[in-house]
Structures are given as structure tokens and as C-alpha cells.
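Engineer: Chains X and S, in that order, give the protein sequences.
Counting with our numbering, you get residues 1 to 596 for the letters of the first sequence.
Counting with our numbering, you get residues 1 to 250 for the letters of the second sequence.
The hints are simulated quantities; they were obtained by calculation from the structure and are not laboratory data.
In this text the structure is predicted, and so the values were computed from the model without any measurement.
Mixed in with the good hints, there may be bad ones.
Calculated from the model, a selection of chain S residues having no Cβ within reach of chain X, i.e. all distances over 12 Å [said to hold, decoys possible]:
{"hint": "1", "residue": "Gly-75"}
{"hint": "2", "residue": "Asp-129"}
{"hint": "3", "residue": "Asp-141"}
{"hint": "4", "residue": "Gly-144"}
{"hint": "5", "residue": "Glu-150"}
{"hint": "6", "residue": "Lys-152"}
{"hint": "7", "residue": "Cys-163"}
{"hint": "8", "residue": "Glu-171"}
{"hint": "9", "residue": "Lys-174"}
{"hint": "10", "residue": "Ser-176"}
{"hint": "11", "residue": "Thr-215"}
{"hint": "12", "residue": "Val-217"}
Distance windows between CB atoms, simulated [stated by the list, open to error]:
{"hint": "13", "chain 1": "X", "residue 1": "Leu-288", "chain 2": "S", "residue 2": "Ala-161", "range": "51 to 57 Å"}
{"hint": "14", "chain 1": "X", "residue 1": "Glu-493", "chain 2": "S", "residue 2": "Gln-232", "range": "45 to 51 Å"}
{"hint": "15", "chain 1": "X", "residue 1": "Thr-508", "chain 2": "S", "residue 2": "Gln-236", "range": "52 to 58 Å"}
{"hint": "16", "chain 1": "X", "residue 1": "Asp-135", "chain 2": "S", "residue 2": "Gln-143", "range": "37 to 43 Å"}
{"hint": "17", "chain 1": "X", "residue 1": "Gly-17", "chain 2": "S", "residue 2": "Gln-143", "range": "56 to 62 Å"}
{"hint": "18", "chain 1": "X", "residue 1": "Asp-447", "chain 2": "S", "residue 2": "Asn-197", "range": "52 to 58 Å"}
{"hint": "19", "chain 1": "S", "residue 1": "Gln-232", "chain 2": "X", "residue 2": "Asp-161", "range": "17 to 23 Å"}
{"hint": "20", "chain 1": "X", "residue 1": "Ser-157", "chain 2": "S", "residue 2": "Asn-165", "range": "31 to 37 Å"}
{"hint": "21", "chain 1": "S", "residue 1": "Asp-228", "chain 2": "X", "residue 2": "Asp-447", "range": "47 to 53 Å"}
{"hint": "22", "chain 1": "X", "residue 1": "Asp-136", "chain 2": "S", "residue 2": "Lys-71", "range": "37 to 43 Å"}
{"hint": "23", "chain 1": "X", "residue 1": "Pro-142", "chain 2": "S", "residue 2": "Gly-167", "range": "33 to 39 Å"}
{"hint": "24", "chain 1": "X", "residue 1": "Asp-161", "chain 2": "S", "residue 2": "Gln-236", "range": "22 to 28 Å"}
{"hint": "25", "chain 1": "X", "residue 1": "Lys-137", "chain 2": "S", "residue 2": "Lys-71", "range": "39 to 45 Å"}
Glycine is no exception: its CB is placed at the ideal position from the N, C-alpha and C atoms.
The lines below spell out each chain.
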Amino acid sequence: MPGGYAGNVLEVDLSTGKIAKKPLDMKEAQMFLGGRGLGAKWLWDRATPGGSPLAPDNPMFFMSGPLNGLPSPSTCRLNIVTKSGTTSPKSNPNAAGLLHTSCGGRFTPELKFAGYDAIAVTGAASSPVCLVIEDDKVEIQPADKYWGMGNYQLQMSLDEDFGRRWRSVYIGPAGENLVRYANVMTEIHRACGRGGGGAVMGSKKLKFIIVKGTKSLGIQNMAVWKKANIQTYKDMISSSGGMGFADWKRSGTATVLASSSDGGQTACYNFKEGTYDHIDETNAERALRDLWVGADGCFMCPIACMHRGVVRSGRFSGMTHDGPEYEGVMMGANCGISDMAEWQAAIAASDDYGLCFISMGNILGFLMECYQKGVITASDLDGIDLKWGDVDAMLAIQKKVAYQEGCGKLIGQNLRAMVEAWGKGCDDYAMECKGQGYAAWNIRVGDTHMSYATSSRGADHLESGNIPTQNLRVMNDALGVCLFPVISGIKPEDLCALLNAATGFKLTMEDYWKTAERVYALEKSFNLREGFTREDDYLPKRAWEPLTYGPKAGTKLTPEGFQKELDDYYKGRGWDPKTGVPTKARIKELGLAGIV
Amino acid sequence: MFDPKEKEKKEIQEEESDLIQRLKTPTRRDFLKGLAIGVGGLALAPLIPKGTTEAIDLDYFPMKQYSQGQKIEGGHIFHDYRACVGCQTCEMACAMANHKEVNPSKSRIKIYTYQPAVFIGIVCQQCGDRPCINACPVEPDAQGRRALYESKAKSLAVNVARCINCGNCVEACKSSRNGNIYLNAKGNPDGFCALCNGDPQCVKQCPQNALTHITSVTDGMYGSKPADVLAQWAIQTLYGGPKMIIDNWK
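Same shape as in the complex, but just chain X:
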């Protein structure tokens, strides 16, 4: 047993029902580590170039990282790597980009305790199935009983039928009905969001994977590990200031709701503004006082940024939810919602259907603006009067999308499909890149626009707009450690030391960053193979409109400035600035020669 890794990969072919347990290729693991990195390598090797994401030959990898399940902070992340249901190059709407998507919770540690580093799911079943893993016993079982269930009901049923120490990932009705931005979910509220992982799982007729493990993980050098671990905890706990440990622990990502609005960085009214006029009613302090009953932590996480809440009064009285979190802004400020309970209802609906509330909120904001500007009328929306901030209309649209009824069929695709269907200049309001909708950070202030433009999975707020931070995030996803403790103080040196102690690798910091570059170059190469070009790294037209309200009024981006930034970015990566293709010398330097 190699330290850190469990050492096995579970191969599941749903078409034939064959299950195989294979040893993990440690050479490959050392090169790409795990999670997002190793997943990208496998997808490069096994995906059909130009193939559809919903075709049975699209492999879906549920990846853990070498630190998952080990006793250091927040070693909880699940990474799913597959072909994206959402992104496609402008030149070829049938091709698809790479999707890496992650969530916290308790699934991946449990998977490693069952003895597996990853599950590779291929093929597609003919009727609904589930995958049940109990240590060495792995079975594909019929799941007709669970098909159609919302996430809340499904989690309750799984708790009852299997037990309260089984961990699962699943899809809701949205995934079953192949909505292109459906999530893979766990524990009701935690989501592998963006990019339609749920639709890929739905196309395989795989309702859920449930796992229980009783095995041990190894640590190569316990003495070194302990030293590194103490240092890691110290770095995290001693952080202070804005978004230090104490802030994260108190309110999670909701902490920045107010500061982001003040800085002109919030997505308001379909990204028209960066400062929200109702932020006083919809911020973390309000949630602390009125909504939250406690926190909800992932495996080994001392921060526990997610909260448990219940609405105590008003028409949604009694509804449980997990919000607000910062990205909830997409359902709040972006749609003009100013009531805390209504906001949570809109998010809870998405969580129960298994929709990505970031993408859904983006699309709802787009629809509301189109409706206001007369691009579409109520007849395009099956009679729904979609005004800014109307929560009933939002819930109605979400239901139609999740069950693919009426107008939901078109809305359940992506912004590009709607722009194509409706025209009339509505592409001016479509906030997307590569087909993926924008998330809750506005783009005129800071370098977030570079994150949206250059990320491999389409418009993505988590990548960050500069190369060093992007590399940091790649390593988080590859190791299986959450991003938030790293923001709150854990240093990359700590993670590298933990990795070396656990696995016995001897990575220097130089190797560490090179691994990140390697993964990034591989992801880029994958997208290039699918037909993406420099023209697919673009900003929507709204970026050139100035903000009109708040402290940052007047701020905007310019096309010339952006093109220059893009040139610099490619150069910094060692890619050809004209085309964005990694140069041959760079590929060789990163050890990808013979692979790419």
C-alpha cells in the first residue's frame, strides 16, 4: 500500500455491467498527483475527440487526491473530471470542453477508506442503476425506486435504506432529464457544480453512487507528517484580517457579500451593476441573526464554512436551506431579490432539483433582462411573468427546466442556445464564455475577468485571473484539499510537505508548481484538441459598459486592454501568444512530450 493513496482504481462499465479493480499507476500518479490532474490525463487518454458529452463513450472519473481522507485540515474534496455538458467551441457546437468540478462533504474520504482512489465510469445503462460499494464488495444495482426523487427525498431514503454512515453522490431530476447545467450533488446542498456533470451522469442512467469503507490509509513517514501537520494547523489558525480563519469560521463565503458589493464586484441585475442596492437586507450579519442554526463541516474541516438554516417566519416558514453563501448572489442580487427568505427558497429549489444555482441564476438574470427589454414576452415563457425579483416566477421557471417541460427545454440548454433562438441583439446581455455562464463576481473591478476568459471549464470564478493563483488552485484540486483553508492561511509549502510525508515523494516546490503548469497545459491541450481557439477566450460585451452605481461607478474594461492582458497571460504560461497553443519547448519542459 503506497502511503497517501489507497492504490486501486475501480473501473465500472455500465453498458456491460463489468466491474474491475485495477492498481493505480504510481508513475502517472507522481506526475499528475490525483484529482483534477490525474483526471485530466485519463480524460485525454480515453475521451473520443469531438465526441458528445452525453454519449456513452464519454468517460466520467470520480477522483480523489493523495491527501483525501488523511488527518489534516479539509482533506475532503471530490473531483469529477469528464467532458463538459455546457462548454463548446464557437466553431463546433457539438464538441465539448474539459470539465473538472469539485465538491466537499464526506464521499471521497469514505471512497478511499473502501480502498479506491478513483472510480472510472464508462458506458451507459439501459435502465436506472446505482453503484453500491462496501469495501471489496461492489455491485451495480437497479435504482428504479429512486429515479425521479428530488435530492432531499433521495438523501432521506438512502439514510433509511443503507445507513447513516454511508456516503453518496447523486443526481436530482435535473440530471435525469439531462439539463445541461445539472449538478452531481452530495448531502443535498453540496454540489459538483458548473458544466453539467449531472447531465453526464444522467445520460449514463446512474442515479447515485453510495460507499462505505472500513480500511486504513497509510502515511509513509509519520514523524515528518506530524511536524508538517502542526505547521499546517498553525498557519491556518493564526491567519487574521479580512477572510482570516475567524471570518471563515463565522460566516463562510457569505462574509464577503458586503465587501464585494462595496468594491463593485457583485453580480447585480445580470451584471449590469457591481454594487447591490439591497445589500443591507441580504448579507452575512442578517443570516447570522435570522437564519442560521449551526454550521455544517466537511470531513476534517475546522472551518465548516457551510451553514444549516431554517426560515422561521413568512410564507416560506419552516423551509430548511444552507444559505446564503457568496455564490448565492446569482439567485439574489443578480435577479434583483431583496428578501432573505425568498432568496433562500430560490436556492433551495435548485438544490432539490439538482440544478447548478450559479448557472440557473445567471440564466434567470438574462431572461429577466430580455423580458424587461422586450426581447421575449410571457408567451416565450409559457405565460410566466418574469419580472426582476419575482420569486414565484423564478421557482416556476426552475421547475420547468428541471423537468424539461415547455420553455424549460430551451432554457435547460445554455445561454448560446437562447441567443440563437431569440436573436434581437440579446447576445448583449448574455454573460458567458465558451458557453458557460458567469458566476457571482462582476468583472469590471480586479482581475476576475481573466479568470472567466482563460479557465479551461468556461467562465469560472474559482480559477483566479493570475497565473500563480491559478496554479495554487490546480494543486488544491489535484491533492483533494479544499480551497478555502488555503485562502484562510495554509501555505502551498505546507501542502507540499504533507504530500511528501504521506506518499514518500520527494517533490521540491519547483516540482510542485511545475505539476500545476503541467496539468494546466494538458487541460488547455484537451480543449485545443476539441477545437477551441484564442477566439474562445473572450469577454462578453457587457465588460465594456461602465458601472453606473456605487463607489466604483464609471469603471469598465476596454477590448484593447483585454487583448493585451491575454497576450501577457499566454506568454506567462509559455504558450504562443497569437494562438494560445502551448509551445513545443514548453510541452517538453513540462514532461508532456509523447503525451500531448
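With chain X's structure known, arrange chain S on it following the hints.
Structural biologist: Just chain S now, with coordinates in the frame of chain X:
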């Protein structure tokens, strides 16, 4: 290579000797600096943010005797479902300390999740009336000990040599208390808490202060409820009754 099967304590203890020293004679300042150290398999700093430490310490932490360098004889571990976030750090601490394995399934404290989200910790409550010991059919020896007995440290212990693997203790705990005892692969009772010789690692490492080592024991009827019952209470306390994500909008 850290091999879970090789349970040698020697190396680990040497490694931590100066830390253990500090634990045994800690100053208050040491604690406030956030340097309380795990003794078992793993050492974690207590997870309290700087700046707020003192405030928490004053009104809540006196219950955590280790912070003042004292060990508690006997007592039991109390789990607060209002504070628990279900992170399983306690399970990891227990498995590392008592089994020297990275394997939460071997933990003697177990966190169960219920919906709407509540986390229920089940751990031996060291019931004063010890229904498990009373159910043991093995004849008491010269010291009055059955196969299952109360140790000098006033925690539950088992004499494996005398155990006849009948499972009566498991039945007794399951039927009248919280059911934390089970028979392990060798057929001996396992899963109960030995209180880590007066210095429980789970309590020490809980980042949310959801665990407390309380000095007294009850007769078990109050604290030692099964997880299902505690979950109902927790849902009543936190949410005002069983609520649903879909309440009122579907």
C-alpha cells in the same frame, strides 16, 4: 512507512516527548497560544481562532480540564449536537490514538447524520449503573471483576482472556442505552470508550468545542439515548421540529 498494523508506540512517544512534557506542566499562556498537543497518534493545535481564544476560554473552557493540566478520573464524554458540524475530526483523533490507524470506522465515538442536517455523536456514556457489566455472565474474580469491568481509571475495560464472546453486553447496551458496544472480528466487545487515561483525544481536538469531558456520570438513562432519539431532540431544538427543504414552495 506508517503501517497501521504495526502498533509500536515507542517512536511516536519519543518524537513527542517534549510536547508531552509541556502538556503535563502547561502554563496558561501555552494554552492561550494554542499549543495543546495530542498525545496519541497525532498532534493538532486546538482549533480556536486567535483573538477570540480568551473569551471562549473564560466561559466555556474550564470544563476542559486538560487546559489547566489536570486529568479527570472517570467521568464521561458529552456531545453537544448544537455545536457539532459533523467534521469527524473526533473520529480521526480516536482512531489514531487508540488504534494507531487512519481509519475513522474504528473510532469509538461515531457521528451519525440526520436530515434536516443534525449530527449526533454516539460514545460510551460510562453509565453509573453499568448495564453492560451487569449483563456479563462471567463469574467475578478476586477483585470482583467480570470479563467486562470498570478499570482503575473508572472507564470500561475488557479482559479478553476471560471473555466468552457471548455478546450479552452488546445486547444490554443496545436495548437500554445508546448501543455503542459491538463485537469485533475476534468476538470481543469493542467500540466502548476508555477515556484515553483521563485525557480524551476527541475532546481535545474538536475544532467546534462540541465535546466536553464531564467529571460526573449519570445512571445513563438521561445521556445515553440511541442516536435516533437524540436526533429527534436535536431536530426539535434546532429546527423546531422535522422540516423539509421543500416546505412551502412545492
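Engineer: Look at the Cβ atoms of Asp-136(X) and Lys-71(S) and judge whether their distance stays inside 37 to 43 Å.
Structural biologist: Between Asp-136(X) and Lys-71(S), where Cβ atoms are some 41 Å apart, the hint holds.
Engineer: Would you assess whether Cys-163(S), listed as outside the interface, keeps its beta-carbon beyond 12 Å of every beta-carbon in chain X?
Structural biologist: 22 Å, holds
Engineer: Is the nearest CB of chain X more than 12 Å from the CB of Glu-171(S)?
Structural biologist: For Glu-171(S), whose nearest Cβ neighbour in chain X is about 20 Å away, the distance exceeds 12 Å, so it holds.
Engineer: Over 12 Å to the closest beta carbon of chain X is the bar; see if Lys-174(S) clears it.
Structural biologist: 15 Å, holds
Engineer: Are all beta-carbon distances from Asp-129(S) to chain X longer than 12 Å?
Structural biologist: Asp-129(S) is indeed farther than 12 Å from all Cβ atoms of chain X, at 28 Å.
Engineer: Does 22 to 28 Å hold as the CB distance between Asp-161(X) and Gln-236(S), or does it fail?
Structural biologist: 24 Å, holds
Engineer: Could you say whether the range 56 to 62 Å given as a hint is met by the Cβ separation of Gly-17(X) and Gln-143(S)?
Structural biologist: Taking Cβ atoms as reference, Gly-17(X) and Gln-143(S) lie about 59 Å apart, which means the hint holds.
Engineer: Could one say that the CB atoms of Leu-288(X) and Ala-161(S) fall in the range 51 to 57 Å?
Structural biologist: This hint holds: roughly 55 Å between Cβ atoms.
Engineer: Honestly, do Asp-135(X) and Gln-143(S) meet the 37 to 43 Å range at C-beta?
Structural biologist: Holds - the Cβ-Cβ distance for Asp-135(X) and Gln-143(S), about 40 Å, lies within 37 to 43 Å.
Engineer: With 17 to 23 Å as the target window, see if Gln-232(S) and Asp-161(X) comply at their CB atoms.
Structural biologist: 19 Å Cβ-Cβ, so the 17 to 23 Å window holds.
Engineer: Just tell me: holds or violated, for the beta carbon distance of Asp-447(X) and Asn-197(S) against 52 to 58 Å?
Structural biologist: Between Asp-447(X) and Asn-197(S), where Cβ atoms are some 54 Å apart, the hint holds.
Engineer: That 39 to 45 Å hint for Lys-137(X) and Lys-71(S) (C-beta), does it hold up?
Structural biologist: 43 Å, holds
Taken one by one, the earlier hints all hold for this structure without exception.
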